[in-house]
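Please assemble the complex out of the two chains, which come individually in their own frames, going by the hints.
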Amino acid sequence: MFACRLTEPRPIVRLRDEMDRLFERFFGDYEPYRAWDPFNLRRYPAANVWQDEDDIFIEAELPGLTTDDIELTVLGNELTIKGERAALRPKEGATLHRRERGAGTFSRVVHLPANVNEGKVEAAFNNGVLSVTLAKARAAKSRRIPVRAKGATT
Amino acid sequence: MTGDKPSAWSYRPRVDIVEDTDEFTVLADMPGASVDNIRITFENRTLTIHGTVSARQGHDVEFLTHEYGVGDFDRELPLVEGVNADRISAEFEHGVLTVHLPKSDRAKPRRIPVREA
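So the protein sequences, as listed, match chains A and B.
With positions in the first sequence counted from 1, the corresponding number in my numbering is that position plus 818.
With positions in the second sequence counted from 1, the corresponding number in my numbering is that position plus 578.
Just chain B, same shape as in the assembly (with noise of 0.2 Å):
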């Protein structure tokens, strides 16, 4: 069956997400994906990741044992506010995707000193 879409099925990929005092950081498993078939976009306060990854065998192949299927990754992460859409960044290794994503320095703690009255 051929059609426009690479594929039919799209998957979420698993995440773990991460607040530490500069940033959040998601990382994200998208076995199959590339670099240049990753975007990552922010907007709303919203975090979407999509990866396109093509069928790794033919449509004829007959499987012995099909455990997993093979298609496009989506995920939506609505986020706090308080992030620096500006300095986000991500890199990708070993399927799994890394994005940063710094906080505004209006989120982060601030210090507030205590003067002597």
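Chain A on its own, in the form it takes in the complex (with noise of 0.2 Å):
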């Protein structure tokens, strides 16, 4: 609810409540945010994954960073995304009116749902995207059987 003013208040104050406000409102797709735990997330990042017969895709969304800033591994079942995004640092007297972009260190594992073959994985990124390709295992990928009626006798 927006108090009714009697006066004008100071631009910079009007400017706070009206991001206050569309803060308060509708926020999007994303959890709450806290100032002081800029990667509130459960896990950061957030990962897509899906699979075809041959490989696993998973794509997660690391705006701001460089490929020196992330740090890939794979072993096993387990992907495992770390990295560091540097906090904004204003300039000495620079007001920050709002801080909603996280920062700091983040580390998250993507249990895969097959064994990867783990000298062919691929991984790019674009405009803030990673993308990583993981070839499955040969072991892992399914393989159709045949079902034949009983007392056939092909």
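Mixed in with the good hints, there may be bad ones.
To be verified - In silico lysine to aspartate or glutamate, DMTMM-like type, Cα no more than 20 Å apart, as pairs:
1. B:K681 to A:E889
2. B:K686 to B:D614
3. A:K959 to B:E640
Said to hold, decoys possible - Far from chain A, some chain B residues (derived; all Cβ distances over 12 Å):
4. M608
5. R617
6. E621
7. N662
8. A663
9. R665
10. S667
11. D683
Think of the hints as simulated: they come from the structure by calculation, not from any bench.
Every residue gets a Cβ at the ideal spot worked out from N, C-alpha and C, and that includes glycine.
Here it is as structure tokens:
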């Protein structure tokens, strides 16, 4: 509920109130964000995982990072995504009106639905989106098993 | 499901807003957007950011884990007066949009000289 004001507030106060209103209203797809715990998600980054017969695909959004900031490791059926995003450091005398974007170190383990061929992992990072393709280990690929009617000869 | 819009959902990018003596700086996380698909307008003291993001996977993909959606980014940020609209600039790198809104001279703090009476 936005309180009525008798006098026009200072522009900076107005800005902050507008920001607060927008912030409290529908915040979108993200979980509530606390400034003291920037990566407040239980697991950061959020990941999407899917597969086809041959590969497992993982995608994660990591804006503001470079490839040097991201460390990917694969072991067995686990992919670990680690990294650090530098915190915004306003210059001396600058005012931070809003800080919604997280910063700090993160480490996330994604469990894979199958064992992978650790030598055949590809990763790309474009416009802040990390895409990882992991080839399934040969033994992990599902094999179609023919079903014969009982008593049939072939 | 096909439709006219590239994606059905719109997301609000997280922003940081910094003010120093010369400008307001707005940083917005917009992973998956691209330089060609971002539109920024400034009207009536409101900065409007839009990024068009197409779905990156097909409609029939079955996700094993699906923790975020992919779609357009939209955000409106009302700002104070004193922005020199003609000199607003922006850059987009690594999924982060940085918008520079220089203050008009009126809005900059002015040192007032004190003379001996």
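Hints versus structure:
With a C-alpha separation of about 40 Å, the suggested pair K681 of chain B and E889 of chain A falls outside the 20 Å cut-off, and the hint is violated. Using a Cα cut-off of 20 Å, the hinted pair K686 of chain B and D614 of chain B is violated, with the two alpha carbons roughly 33 Å apart. Using a Cα cut-off of 20 Å, the hinted pair K959 of chain A and E640 of chain B holds, with the two alpha carbons roughly 17 Å apart. Listed as outside the interface, M608 of chain B is inconsistent with that label: its C-beta sits roughly 7 Å from the nearest C-beta of chain A, within the 12 Å cut-off.
No beta-carbon of chain A is positioned within 12 Å of the beta-carbon of R617 of chain B; the least distance is around 16 Å. With a closest Cβ-Cβ approach of about 15 Å to chain A, E621 of chain B is found to remain outside the 12 Å limit, as its non-interface label requires. The Cβ of N662 of chain B lies farther than 12 Å from every Cβ of chain A, with a closest approach of about 15 Å, so its non-interface assignment holds. No Cβ of chain A comes within 12 Å of the Cβ of A663 of chain B; the nearest lies about 16 Å off, and the non-interface call holds.
At roughly 19 Å from the closest C-beta of chain A, the C-beta of R665 of chain B stays outside 12 Å, upholding its exclusion from the interface. The claim that S667 of chain B lies off the interface holds: its Cβ sits roughly 18 Å from the closest Cβ of chain A, which is beyond the 12 Å cut-off. The claim that D683 of chain B lies off the interface holds: its Cβ sits roughly 16 Å from the closest Cβ of chain A, which is beyond the 12 Å cut-off.
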